[in-house]
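A.B. asks: Take a look at the letters that make up each chain.
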Amino acid sequence: MPDADPIARHRNRWFAVILLVGFSIVFFLPFAWMVSTSLKPLNETMSLPPRWLPSEPQWQNYPDAMRAMGPFWLYARNSLMLALLNVVGTVASSALVAYGFSRIEWRGRDSVFLLLLATMMIPFPVVMVPVYTLFRELGWIGTFKPLWVPAFLAGAFNVFLLRQFFLSIPKDLTEAARMDGCGEFRIFWQIILPLAKPALLTVALFQFMATWNDFLGPLIFLVRQEQFTLALGLQNFQSVQGGTAWHWLMAASTLVVLPVVFLFFLTQRTFIRGISTTGFK
Amino acid sequence: MAEIVIDNLRKVYPGAKGQPDKVAVEGASFTIHDKEFLVLVGPSGCGKTTTLRMIAGLEDITSGSIRLDGRLINDVAPKDRDLAMVFQNYALYPHMTVYRNMAYALELRRVPKDDIRRRVENAAKLLGLLEPDNLLERKPKALSGGQRQRVALGRAIVREPKAFLFDEPLSNLDAKMRVETRAELSRLHHALQATMVYVTHDQVEAMTLADRIVVMNGGRIQQIAPPLEVYHRPANLFVAGFIGSPRMNTITGTVTGEGDRVIFTEKGTDHPIRLAMRGDLARLLEKHLGQEVILGLRPEHLADARDLTDPDPGATFEARVDVVEPVGAETWVYLRSSAHQLIARVPHAEPRTDIGHTLHFTADLSRARFFHPGTGESL
Ligand SMILES: Nc1ncnc2c1ncn2[C@@H]1O[C@H](COP(=O)(O)OP(=O)(O)OP(=O)(O)O)[C@@H](O)[C@H]1O
Ligand SMILES: [Mg+2]
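So the sequence lines, in the order shown, correspond to chains A and B.
In this text, residue positions in the first sequence follow the working numbering: the first is 64, and each later residue adds one.
In this text, residue positions in the second sequence follow the working numbering: the first is 275, and each later residue adds one.
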């Protein structure tokens, strides 16, 4: 509701700014701490009282960390491959399912949709064991398959997000396409998908981050070290070295987080449009 | 080129939980002739859009049939009906340029590229999308409402469809654009010699555009006739009241015979309007002697007696002037008889009747219509 009183509006605005700045600091602090630690010599990482800035930035930490972590570039390649496969799979399958839930009428649709939403409430640890058993039966343990095939089977949250967005696309448009001669799939492909770009990008970005940062999945399903991902590789600093080389761990972590940060800044404009799904008139 | 035959069409929307089913269209039968401009008109919610959408194939048919050039199309997908539709909100594809919006249907039909270009450019020229500004490479977002409207028309025209379907295509335009586009549509219909079905709730659009009008109310067809016939010979009270502005005057009264004369006497007052019928009307009303009827008379058929050289005394009555509205070329005079409120349209630019005065008014009874008070049907 627009606030008519200019003074109240001004006050609200300042309140919002302060709140947002406050939250930004809270979320930014750990990140800043990670970057700062990555540039400290080892003896400063755990010093008391804590030092905010390294006495002298140790740029050497970065190449050292990469060497200490093992085959860094191999891990990176694995991470990237899995992330891309997951992005493609999730976007394609979730969009298709969301289309079915938003644009096609069928008996029982809304009940099935509720059921799908309910699956969001099941935490992963609950299904971890049966899922592991399933993949073992399929002979997939120790391969990449458990880490990307499920992405092609659509996830509840993404379906939900895309469905909401599709619902905001005027029905007239799809009906016009139908009159123009489109069948169902062509409407999906040539009308809905191009119009849903912001939402698709959002899903893609979420999925990229989720796969890129996933630690548990690779830990459970991967066996051989040359298949490891970056997120999994980070644990090398804790176990292999005995005691933790915090400066290297943080340097490697910074490197791992960097692509995600970069991607986010690259896409933030479209991304924000994707979350606030309004905007069609 | 196409003829569409609709027979006993019915549409029932299943009610939401706990709600009764909604009958949107009931027993609709009519034929849209080849090259005809047919207008479906009626108040909001009367089932016009539903009927049009069933013709388009966007809505399932509950029962009845639709034939296109003799072929039953009840279950034919919209894309195989070869009908083009222009939507109220234009429904242009936001991610495509004007050119692609218009070319899209042809691309889907694998029309050769050169043909597409030629047809799109012809349509664009016809609709003024090239001059003064070439709009073909713009996105719909960068167009005014009127321009979008023309692109939507263009998208339909390039297809050279069997028939055009319009759902209130002018309702989002401002008054001036609406009048211009209405004329343009008329011109287009003559130029294209195409079959057109047009839905509107605006009776002026219906009157000016239609070869024939289908008047609907409450899901049922009230009358199918050319515009002037609908206007001058409405089939029932609903049509009489819906078509024409200001609306037709209605006076409830009784018919009596006095000697060889047939008299209509206004009901519910001690000083009734009394009108003496002649000729055909007298013969018509003779069958209803002693019964109650409703007289319908258009405002332009009520004249200030002072304007007439020889007012018919049998058709003249007294009424008090309530309100006077000069609307430009003419003046609307609101009258009170003792039991009814009436409107007269008099051809003076300047009001010359004073409010509160009682004057003589003369009805042109040759134009009067009579309706059955129970059924509302024309006698
Ligand atoms: N999808 C639907 N589900 C249920 N009822 C509907 C649906 N579409 C229309 N109706 C109902 O059917 C009736 C006819 O609707 P329709 O849209 O055909 O009216 P209309 O004559 O086009 O009116 P308007 O001039 O307001 O556009 C209305 O009472 C409407 O509420
Ligand atoms: Mg309508």
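Please keep in mind that the hints were generated in silico from the structure rather than gathered at the bench.
Be a bit skeptical, because a hint or two may be false.
Here are the simulated DSSO-like cross-link-like pairs (lysine-lysine), alpha carbons at most 30 Å apart as the crow flies [what the hints assert, rightly or not]: (1) Lys-561(B) to Lys-234(A); (2) Lys-415(B) to Lys-399(B); (3) Lys-415(B) to Lys-260(A); (4) Lys-415(B) to Lys-450(B); (5) Lys-436(B) to Lys-234(A); (6) Lys-260(A) to Lys-436(B); (7) Lys-234(A) to Lys-450(B); (8) Lys-353(B) to Lys-415(B).
Each pair of labels, with its calculated beta carbon distance range [said to hold, decoys possible]: (9) Gln-293(B) to Arg-172(A): 17 to 25 Å; (10) Arg-345(B) to Phe-187(A): 52 to 60 Å; (11) Gln-227(A) to Pro-600(B): 48 to 56 Å; (12) Lys-260(A) to Ser-418(B): 51 to 59 Å.
For each residue, glycine too, the CB sits at the ideal point set by N, CA and C.
A.B. asks: The structure should be examined with respect to each hint, and the outcome stated for every one.
C.D. replies: Hints versus structure:
no., hint, verdict
1, Lys-561(B) to Lys-234(A), "violated (55 Å)"
2, Lys-415(B) to Lys-399(B), "holds (21 Å)"
3, Lys-415(B) to Lys-260(A), "holds (17 Å)"
4, Lys-415(B) to Lys-450(B), "holds (22 Å)"
5, Lys-436(B) to Lys-234(A), "holds (24 Å)"
6, Lys-260(A) to Lys-436(B), "violated (35 Å)"
7, Lys-234(A) to Lys-450(B), "holds (29 Å)"
8, Lys-353(B) to Lys-415(B), "holds (26 Å)"
9, Gln-293(B) to Arg-172(A): 17 to 25 Å, "holds (19 Å)"
10, Arg-345(B) to Phe-187(A): 52 to 60 Å, "holds (56 Å)"
11, Gln-227(A) to Pro-600(B): 48 to 56 Å, "holds (55 Å)"
12, Lys-260(A) to Ser-418(B): 51 to 59 Å, "violated (26 Å)"
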